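Protein chains: 2
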Amino acid sequence: MNIKMDEECCDMRGMLGFLILFLLSKKPMHGQEISEEITKRKGERPSPGTLYPSIKNLREAGFLDEKKEGKTITYTLTPSGKKALTIAKRKFCQIFLGVFP
Amino acid sequence: MNIKMDEECCDMRGMLGFLILFLLSKKPMHGQEISEEITKRKGERPSPGTLYPSIKNLREAGFLDEKKEGKTITYTLTPSGKKALTIAKRKFCQIFLGVFP
DNA sequence: TTAAATATATCGTATAACCGATATATATAA
DNA sequence: TTATATATATCGGTTATACGATATATTTAA
Numbered sequence: 001m002n003i004k005m006d007e008e009c010c011d012m013r014g015m016l017g018f019l020i021l022f023l024l025s026k027k028p029m030h031g032q033e034i035s036e037e038i039t040k041r042k043g044e045r046p047s048p049g050t051l052y053p054s055i056k057n058l059r060e061a062g063f064l065d066e067k068k069e070g071k072t073i074t075y076t077l078t079p080s081g082k083k084a085l086t087i088a089k090r091k092f093c094q095i096f097l098g099v100f101p
Numbered sequence: 102m103n104i105k106m107d108e109e110c111c112d113m114r115g116m117l118g119f120l121i122l123f124l125l126s127k128k129p130m131h132g133q134e135i136s137e138e139i140t141k142r143k144g145e146r147p148s149p150g151t152l153y154p155s156i157k158n159l160r161e162a163g164f165l166d167e168k169k170e171g172k173t174i175t176y177t178l179t180p181s182g183k184k185a186l187t188i189a190k191r192k193f194c195q196i197f198l199g200v201f202p
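Chain order of the listed sequences is A and B. What the first sequence shows, in the numbering used here, is residues 1 to 101, in sequence order. What the second sequence shows, in the numbering used here, is residues 102 to 202, in sequence order.
It is worth saying that the hints were derived from the structure and are not from the lab. Note that the structure is predicted; figures quoted are calculated from it, not measured. Incorrect hints may have been included.
[Unchecked claim] Below are the EDC-like pairs computed for lysine to aspartate or glutamate, each with C-alpha atoms no more than 16 Å apart in a straight line:
#, chain 1, residue 1, chain 2, residue 2
1, A, Lys27, A, Glu66
2, B, Lys127, B, Glu170
3, A, Lys91, B, Asp166
4, A, Lys91, B, Glu134
5, A, Lys26, A, Glu37
6, A, Lys82, A, Asp65
7, A, Lys56, A, Glu44
8, B, Lys192, A, Glu44
9, B, Lys169, B, Glu134
10, A, Lys83, A, Asp65
11, B, Lys184, B, Glu170
12, B, Lys192, A, Glu37
[Unchecked claim] Sample of chain A residues at the chain B side, in silico, Cβ under 8 Å:
#, residue
13, Tyr52
14, Lys56
15, Ile87
16, Lys89
17, Leu97
Virtual Cβ for every residue (Gly too), placed ideally from N, Cα, C.
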C-alpha cells in the first residue's frame, strides 16, 4: 500500500493493506489472527513475507497502534487509521459500485 | 491481470482487468467509453499505457471479442470472459465481505 | 535446561500494474 | 489534399505487491 492512502488510497495495486485496515476496524487483532482471517476470505494463507511488511507499512503510515503482550503484538487502528479507512472505503465502494449483488 | 484469472483471479495486484471485465458485462464498449467509465468511478483517467495493455491481456486470455468499426473497436465479453467474471466476482465478494455498507 | 513451537520480522528477488511518451491508423475539417 | 482530432497500441522505466527463505524473540514442552 502506498503511504499516500489518504489521497489516492485505491490505486488498486494490491488490496492487502486495505483489507488489513478493514479487518482491524472490526476488532483489534494480532498478526496471526489477521493471517487467519485473510486465509478464510482468500482461501490461501498470505506468507509472512507478505503480511508483515504490509503491517509495517500501515504502522509507519501512522494507521496502527501496537500493544505487545509476550510474543504477540495486538494491532489497533489509530484515529488516523480509522479516517484513512473511511476515505478508502468510500472510494472502494464508488469504484466497485454494482459489483456486490 | 494474470492469465490464470480463472483459478486465482483475485491476487489483487491491481484490479483494472477485473473492473474492465465488470464494466463490459454491463454493456459492450470501446476503449474510450471504458476510459470514461473508469474516470467517473476512480476520479482519474487511466493512461492509455495502462488501459490498452490491460485490454490486450484480457483479449489474449480469451475473455474479449472485438468488432472494429472504423477507428473504434467495440469490446464484448466472450462466454469464457463471462465465466471468468463470475468466478472473480464470487471471490471478490468473499474477500471484501462487509466492506460495502 | 534443552528442544520445539509460535509470533514477528527482514532480505533478495520476481512479477505485473502503471505511467509518460510516442507511434500508428482512421476519420473529419479546412 | 492537407491538417487536425480521435482511437488504439507499444515501449521503456518505475514502483509496490508478493513470495520463499531465513532470522529473531518468546513461550511451552520434554
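Unmet hints by their number, sorted upward, for this structure: 2, 3, 4, 7, 11, 13, 14, 15
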